[in-house]
Structure formats: structure tokens, C-alpha cells
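Chains as they are written, first to last, in the working numbering: chain A, 8 to 426; chain B, 3 to 405.
Calculated from the structure, these hints are not laboratory results. Nothing here was measured: the structure is a model prediction, and the numbers come from that model. A hint or two may mislead.
[Said to hold, decoys possible] Here are the simulated lysine-lysine pairs, DSS-like style, with alpha carbons at most 30 angstroms apart:
id, chain 1, residue 1, chain 2, residue 2
1, B, K46, B, K19
2, A, K49, B, K84
3, A, K305, B, K330
4, B, K84, A, K305
5, B, K361, B, K133
6, A, K305, B, K119
7, B, K361, B, K84
8, B, K19, B, K338
9, B, K119, A, K161
10, A, K88, B, K25
11, B, K119, A, K172
12, A, K172, A, K161
13, A, K34, A, K56
14, B, K133, B, K119
15, A, K305, B, K133
[Stated by the list, open to error] Computed footprint of chain A on chain B; a stretch qualifies when at least three of its residues, placed anywhere within it, have a C-beta under 8 angstroms from a C-beta of chain A:
id, segment
16, 48-59
17, 257-268
18, 284-296
19, 351-358
Beta carbons are placed, not taken as given, at the ideal position from N, Cα and C, and that holds for glycine.
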Amino acid sequence: MISSVVRAPLLRHAVGIRAQSTWTQVKMGPPDAILGITEAFKRDTDPRKMNLGVGAYRTDAGSPFVLDSVTRAENQLLHEKLDKEYLPITGLPQFTRAAAQLAYGSSSPVLDRLAITQSISGTGALRIGGAFVQRFCEGTPTVYVPAPSWGNHKAVFGDCGLDVKPYRYYDAKTRGLDLDGMLEDLSNLPRGQIVLLHACAHNPTGVDPTPDQWARIQSVVEENGHVAFFDMAYQGFATGDTDRDAHALRTFVEAGRAPVVLAQSFAKNMGLYGERVGTFSVVGASRDERARLESQLKILVRPMYSNPPVHGARIAARVLTDPELRSLWLTEVKLMADRIIGMRVALRTRLEKLGSSVAWNHITDQIGMFCFTGLTAAQVDRLAQEFHIYLTRDGRVSMAGITSANVDYLAESIHAVTQ
Amino acid sequence: MAYFDNVPQAPADGILKLSVLSKADSNSSKVDLGVGAYRDDNGKPWVLPVVRKAEQQLAQDAGNHEYLGVGGLPALTNGAQKLIFGADSAALREQRVYSIQTISGTGANMVGAVFLKQFKQPADAAIYISKPTWGNHRNIFETAGHEVREYRYCDYATLGLDIDGMLSDLRAAPRGQIIVLHACAHNPTGIDPTAEQWAQIADVMQERAHFPFFDCAYQGFATGNVDRDAFAIRLFVERGFELFVCESFAKNMGLYGERTGCLHAVVASAARVPAVSSQMNRLSRATISTASAYGAKIAGTVLQDPELYGEWIENMELMSARIMDMRKQLRARLEKLGTPGDWSHVTSQIGMFSFTGLKLAQVERLRTEFHMYLTDDGRISVAGLNTRNIDYVAMAIDSVVRT
Chain A
8 MISSVVRAPL
18 LRHAVGIRAQ
28 STWTQVKMGP
38 PDAILGITEA
48 FKRDTDPRKM
58 NLGVGAYRTD
68 AGSPFVLDSV
78 TRAENQLLHE
88 KLDKEYLPIT
98 GLPQFTRAAA
108 QLAYGSSSPV
118 LDRLAITQSI
128 SGTGALRIGG
138 AFVQRFCEGT
148 PTVYVPAPSW
158 GNHKAVFGDC
168 GLDVKPYRYY
178 DAKTRGLDLD
188 GMLEDLSNLP
198 RGQIVLLHAC
208 AHNPTGVDPT
218 PDQWARIQSV
228 VEENGHVAFF
238 DMAYQGFATG
248 DTDRDAHALR
258 TFVEAGRAPV
268 VLAQSFAKNM
278 GLYGERVGTF
288 SVVGASRDER
298 ARLESQLKIL
308 VRPMYSNPPV
318 HGARIAARVL
328 TDPELRSLWL
338 TEVKLMADRI
348 IGMRVALRTR
358 LEKLGSSVAW
368 NHITDQIGMF
378 CFTGLTAAQV
388 DRLAQEFHIY
398 LTRDGRVSMA
408 GITSANVDYL
418 AESIHAVTQ
Chain B
3 MAYFDNVPQA
13 PADGILKLSV
23 LSKADSNSSK
33 VDLGVGAYRD
43 DNGKPWVLPV
53 VRKAEQQLAQ
63 DAGNHEYLGV
73 GGLPALTNGA
83 QKLIFGADSA
93 ALREQRVYSI
103 QTISGTGANM
113 VGAVFLKQFK
123 QPADAAIYIS
133 KPTWGNHRNI
143 FETAGHEVRE
153 YRYCDYATLG
163 LDIDGMLSDL
173 RAAPRGQIIV
183 LHACAHNPTG
193 IDPTAEQWAQ
203 IADVMQERAH
213 FPFFDCAYQG
223 FATGNVDRDA
233 FAIRLFVERG
243 FELFVCESFA
253 KNMGLYGERT
263 GCLHAVVASA
273 ARVPAVSSQM
283 NRLSRATIST
293 ASAYGAKIAG
303 TVLQDPELYG
313 EWIENMELMS
323 ARIMDMRKQL
333 RARLEKLGTP
343 GDWSHVTSQI
353 GMFSFTGLKL
363 AQVERLRTEF
373 HMYLTDDGRI
383 SVAGLNTRNI
393 DYVAMAIDSV
403 VRT
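Turn these sequences into a full structure, and let the hints guide you.
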């Protein structure tokens with residue numbers, strides 16, 4: 008304890024004055040929309056309540072899903088009594104190698120000229136990517152994100168000192184893709200902008216371009232010298248097939264005309280959410296370039312967090328490289344994707360059966376974790392207040408929150424507020 | 003495609019470069035005194051027995067990998083608060099501490115640095131770091147956009163604290179600057195102020211209305227006693243300072259690669275906490291979203307379970323005792339060899355590192371002739387010493403000092 012020798016009189020008055028000036032200008036930060044929903048949901052005591060705001064997968068019993076492949080990998084690792092030494096700045100090599108192969112294809116010719124670093128999941132990858140483009144892309148370009156996009160994109164890129172602007176994407180009338188609007192917007196930009204593309208399972212709309220539409224998007228991006236910044240948080244989760252879900256990324260890369268960078272997350276497809284497992288990569292022109300790019304990625308990472316967490320990366324590396332675990336994992340990813348697709352079908356079918364006058368085909372046209380229902384804010388509020396069903400006010404439903412036990416109630420409730 | 007032609011090769015990280023050199027050296031006498039990670043007497047990484055226990059427990063509990071909240075795991079942040087400030091801390095009682103989980107100590111420094119860039123008063127306040135300090139401090143604060151200045155710290159003649167220089171520099175600085183202070187076990191020098199000196203530092207900082215930014219990466223590791231190691235922080239809190247504390251569990255829980263840490267903000271009143279916490283949360287959301295769960299669960303389990311906590315204290319005492327023993331033994335051997343110079347600093351310095359006073363040329367000779375790896379500034383990681391290599395290390399140092 009503090010000895011009497013050094014106990015000085017408390018200079019409360021002087022401290023008080025300084026204390027007043029230190030933080031008085033700190034304004035209250037914006038409330039977190041999704042957190043607000045979760046809190047309202049928690050407070051609700053109605054047994055029928057549903058949380059459709061959460062961005063994490065749930066089983067048909069409404070529980071978190073710890074993948075068997077992940078548990079097995081974890082148990083193996085626990086048994087091996089590995090140390091907890093620092094990883095290199097760019098992370099666990101076995102992990103980044105396997106992650107790159109998963110994203111780009113195991114026989115992709117760009118693998119040996121790919122600069123890659125492990126990251127703090129998808130958000131961390133976006134942050135490294137934002138810092139990277141801010142520093143190295145000529146003319147400090149603007150980042151263009153689809154309207155709408157994941158809420159955190161603007162914050163992440165904005166905090167990197169980048170301007171963030173929208174390009175047309177979601178067509179509220181059709182609840183599908185506004186391709187013409189998108190292509191027009193991307194063509195009208197100054198050359199060399201950063202175009203953020205959701206590789207698959209667009210968040211929050213679930214609207215993905217078809218392969219033909221991707222081809223047209225690719226042409227425009229290439230012709231205008233833009234950088235294709237892919238955000239892939241749902242590989243395997245969209246169609247259930249990891250190769251199919253990486254189609255857009257791989258097509259851009261194969262063409263080799265537009266510079267490509269990728270933020271990759273294993274939060275959802277491996278259920279590793281809180282372990283923060285991801286990568287950020289840049290497709291280089293050559294192996295020499297890869298070395299240069301990698302050296303710069305290290306420079307960006309060091310002042311952020313020095314080196315990434317080891318646990319989740321070891322799990323992911325084991326799952327990806329052990330043939331049995333990998334095979335099991337792929338079936339589990341398909342299982343998750345299939346359950347979601349099943350719930351889409353179930354919800355749409357029930358709404359149509361209830362005789363809804365609204366068109367609900369978008370529920371099954373859209374893909375991935377989220378569905379942009381087209382519900383208005385007023386309707387969303389009614390769902391919360393009258394039916395104890397919670398979703399974000401943009402009408403986004405997390406399909407993972409729907410189960411065979413509650414899909415009927417959901418359909419009836421949506422029907423009630425949309426008639 | 004020539005798009006990234008303009009990206010130049012960046013210089014390699016100094017300490018990691020050393021580690022690469024060391025790994026490549028196959029000589030049987032090789033001694034790695036570079037990286038700051040604890041090693042046991044066999045020169046091996048040591049996962050704390052209590053950590054293994056906690057891991058087994060977690061495995062049995064069959065938890066999941068769900069996202070933590072933006073503030074982090076409460077078991078960790080609450081436990082960490084008590085550990086740093088003391089369970090009976092007035093600041094905790096008065097609810098004027100906000101703690102956010104971070105990617106270890108670096109992440110805590112980064113969140114603090116980014117927050118201060120946005121909110122520091124005055125807006126042009128500079129960051130003052132000790133000369134010398136951890137290599138990444140300047141990097142972190144400059145990257146966040148601050149001007150970084152140095153205050154005198156190491157007396158290179160005595161290899162002790164240049165307290166007069168330090169106080170003079172802090173006094174001479176404009177009012178309201180941000181001062182980075184190592185809570186204990188200063189990195190790289192191992193030189194810590196005495197209790198009396200801490201009081202003097204607090205006096206000057208109060209006079210000049212400076213903001214204390216504590217970096218605490220070695221609590222429990224310095225003296226072996228967590229309360230004693232937190233003395234400086236608690237003194238400042240008691241004095242009524244608002245301050246930040248970066249807390250890392252990398253070394254004291256051996257959690258290194260699990261990246262487990264916290265940033266604590268002590269503010270003047272509970273009323274200030276919502277605004278400060280909301281902004282810290284916001285900026286953390288934009289860098290990592292949420293921190294990593296596994297290491298936090300281990301640390302949280304240990305901190306919250308009295309039995310495990312007791313075992314942890316024992317594990318820590320073991321580590322710090324071995325380090326102190328190595329210091330004693332190195333000093334004794336150098337003095338026995340009659341190695342020119344005053345080697346008392348080897349035992350008066352504290353913690354993981356020792357600033358030997360060796361010059362660059364001597365360091366290079368140690369590397370090339372003796373396969374002994376330490377950083378260019380003459381810093382050795384005492385944890386790299388063990389009963390099998392200590393004679394050799396003393397002999398090697400003696401050799402390069404004499405010739």
C-alpha cells in the first residue's frame with residue numbers, strides 16, 4: 008500500500024478544474040442500432056419473442072452453432088499442448104496459406120504473388136485495407152460502397168481518413184439489384200476509385216448479382232481503372248458451396264485487369280465469430296511485388312495491434328488443412344446454408360398461403376444470412392410492439408433467427424402488418 | 003499490371019530481424035536474449051500451469067465462439083480493473099472507470115492514442131515518451147497523428163533513472179501534455195522510479211496539468227507482487243488524476259499470442275463515463291468490431307476464481323523469482339570475472355529487460371563471435387538467461403568489454 012512518505016494532500020480543487028477541461032468536449036457517441044434491438048429483445052418477456060437482428064447463425068433450436076469440425080480441431084489442439092508465443096505480424100502462415108487457397112482457389116496462379124496478412128476478422132481486414140489504400144492508392148481515392156451496405160463500412164473507412172460514398176445497388180421497387188443504376192454510377196466516377204463489392208450474400212439486402220451481371224460489373228470496374236475491394240464474409244454461406252460463392256472474386260482475379268484486394272472473414276462460415284479470424288490480401292503483379300506489399304502490410308499492422316490472435320487461426324488452419332475436418336466442415340457449411348434456404352422457402356410459402364397481396368418472391372431470390380423484407384419502419388415498429396418480433400428498422404431480417412417452430416408466427420405477424 | 007509499382011519495400015522490424023538471425027543460427031552455444039517473452043530454465047516458452055488448468059475448464063464448459071460485446075468480456079475487464087486499481091479503489095467504488103477489452107497492450111495503446119487524437123485538450127498537446135521507450139510507442143502515437151516528443155529518462159552514465167532530467171523536461175513542457183509512463187518494469191531499460199520519485203513525478207505532472215498515459219505490461223512480473231507493481235498507477239489515481247492505463251496479460255499470464263488486454267480510462271466523475279465509453283466503443287468498433295474471446299476467457303476465469311487466482315500469483319512469483327535470480331547470478335559472475343565497469347545496475351534494474359550499457363560494436367561482436375543475440379541498444383531479455391547459459395553469457399560480455 009502507499010506509504011505515508013508519499014501520501015500528498017489530495018489536490019482535488021486543482022484536479023477538478025483540470026478534470027473539467029479534459030473530457031467536457033466529449034459528446035455522447037451515436038447509439039448502436041443493433042445493440043438497441045438486442046436490448047429491447049432481452050427486456051421483452053413475451054414467450055413468442057423473436058430476435059431477427061442478430062448477425063450470427065442459429066440452429067433450428069435457436070441456439071448458437073458450434074461446428075463439430077471446429078470442436079474437433081479445438082480438442083486436437085488442446086491435446087497438443089501448444090505454446091502461446093506471439094505469431095508473426097502477418098499471422099499464422101498455415102492459416103493464411105489455407106485461407107488464400109479457399110478464397111482464390113487452390114490452383115490459382117496468383118497465390119505465389121498474393122500479399123496476405125491475418126487480420127482481426129473481417130472488420131480488421133477492412134481496416135488494414137482502408138489504411139492500405141489510403142496510403143498507397145494514387146490521389147487518395149474515395150471508397151464507394153453499395154447503397155445500402157453493412158453499417159460499419161462507413162465507420163471503418165471513414166476512420167481511415169477516406170471519403171465513403173454510395174453507388175446505387177438495391178432497387179426498393181423490385182427488391183432486387185439496380186444493375187443499370189450501379190453500372191451508371193460506377194462509370195461516372197473519376198478513374199481509379201475504390202469500389203467495395205460484397206463477394207456474395209450481400210449484407211443487408213441478400214441481393215447478389217448473377218454471373219452475367221457480375222461480368223458486366225467487372226467490365227465497368229476494369230474500364231474505369233477502379234480497384235475492386237472485395238468483402239467476403241459469407242463464403243460457403245450463400246449457396247452452400249465455397250467455390251461457387253467465390254466466383255465473382257475469382258473471375259475478377261483471373262481477368263487480371265482490375266487491381267483486387269480482399270477482406271475475408273471466418274466468423275460466420277466457421278462460426279468463429281468472437282475469435283476474430285480473417286485475412287486481408289492484395290493480388291500483386293509479381294513475387295517481387297508481393298514481398299514489397301507484404302512488407303507494407305506489416306508496417307500497417309504493427310501500430311494497430313502488433314500481431315494477431317493465435318487461437319482462432321490455429322483452429323481455422325486445422326479445419327482447412329486436415330482432410331477429414333475439411334470435409335466435415337464443408338458439409339456443415341452446406342447444412343447452415345441449406346437451413347437458411349429452407350427457412351426462406353418456408354416463410355415465403357406461408358405468406359403466400361395466407362393470401363398476402365404483397366409479392367414475396369424476393370425472400371427466396373435473395374441469398375445468405377439476411378433478407379431485405381421491404382417492410383417499412385412503421386411496420387417494423389409494429390412488429391416489435393405488437394408482435395414482439397425484433398429486426399432493424401431498414402426491414403432487414405436475419406434469417407438465422409427463424410426456426411421451424413417460429414416461422415408460422417413470423418409469417419402471420421408480417422401478414423398482419425402488411426395488409 | 004503496374005498498379006502497385008509505387009509501393010516501396012518497407013524496412014524490416016528490428017526486433018523481428020534479430021529473431022530471424024537468431025533462428026537461422028545453428029551454433030550450439032547460441033543464446034537468444036532478444037525477444038521479450040519469458041523462458042523457463044530450459045530456454046523454452048512456458049505456458050503457465052494455471053492457464054492450462056483454465057483451458058481444460060473452458061473445454062469442459064463447452065462454450066461457444068459467439069461475439070463478445072464491444073466492451074469485451076466482463077469477467078476480464080472487471081477482473082482487470084480490480085487487479086490494476088485494487089479492489090478497494092475509490093475510483094472503482096465511485097464508478098468512474100471505463101474499461102474496454104483490447105488486442106493486448108498494443109491494441110490498448112492504439113485505442114488510447116486514437117481516442118486522444120480526437121479528444122485531447124489542448125488539441126495540439128504532444129505525446130511525451132521516455133528516452134528510451136518501447137519501440138512501438140512512437141510508431142503507435144505518430145500513426146494516430148500525434149506529435150511525439152521525448153523526456154529524459156535513462157541516465158546512460160549510471161544506467162539508472164535521470165530523475166532530474168525527467169522532472170525538468172516535464173516541467174518545461176507546455177501545460178496539459180500527454181505523458182506516457184511505464185507503470186513498472188520499464189521497457190527497455192528495467193529502470194523504475196522509486197516510490198519517492200513517483201511522488202515527485204506526480205507533483206510535477208499535477209503542477210503542469212499533464213495527462214498520465216500509463217502502459218502496464220508487466221504487473222506482477224516486476225517485483226512479483228501485483229499490488230506493489232501497481233503502486234504508481236494507484237498513487238496517481240489517489241492523487242485525483244484522470245488517466246489511461248494500458249494493461250496487457252501477454253507476459254504476466256503468458257498469454258502473448260492470445261492478445262489479451264484492456265484499456266482503462268479513469269475519469270473525474272461517473273457522469274463522464276457514458277460519453278467517454280461510447281466514443282471508445284465507437285472507435286474500437288471501427289478498428290476491430292470486438293476483441294478476441296479465447297484469451298479473455300482464460301484470463302477472466304483465472305481472475306474471477308479465487309483458487310486459480312492464487313495459483314496464478316504463485317506462477318508469476320516463480321517467473322519473477324527466476325528472473326531476479328538470473329540477474330543476481332549474472333552480476334555475481336561479471337564481478338567475479340572482474341569485468342570492467344559497474345554491474346550493479348544488473349540487479350537494480352527490474353523486470354524482463356536489462357540495459358547492459360554495451361555499445362553497438364560490442365553487441366555486434368556478441369552476435370558474430372559468440373552467437374549471442376540482443377538488440378542494438380544493448381538490451382537483454384533476462385528471461386533468456388538460464389543456469390546452463392549464464393556462465394557463457396558472462397564470459398562473452400566480459401570478453402567484448404575488455405577488448
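Outcome of the hint check:
| no. | hint | in the structure |
| --- | --- | --- |
| 1 | B:K46 to B:K19 | holds, 20 angstroms |
| 2 | A:K49 to B:K84 | holds, 28 angstroms |
| 3 | A:K305 to B:K330 | violated, 38 angstroms |
| 4 | B:K84 to A:K305 | violated, 35 angstroms |
| 5 | B:K361 to B:K133 | holds, 17 angstroms |
| 6 | A:K305 to B:K119 | holds, 23 angstroms |
| 7 | B:K361 to B:K84 | violated, 42 angstroms |
| 8 | B:K19 to B:K338 | violated, 34 angstroms |
| 9 | B:K119 to A:K161 | holds, 20 angstroms |
| 10 | A:K88 to B:K25 | holds, 22 angstroms |
| 11 | B:K119 to A:K172 | holds, 25 angstroms |
| 12 | A:K172 to A:K161 | holds, 8 angstroms |
| 13 | A:K34 to A:K56 | violated, 34 angstroms |
| 14 | B:K133 to B:K119 | holds, 22 angstroms |
| 15 | A:K305 to B:K133 | holds, 25 angstroms |
| 16 | 48-59 | holds (count 5) |
| 17 | 257-268 | holds (count 5) |
| 18 | 284-296 | holds (count 12) |
| 19 | 351-358 | violated (count 0) |
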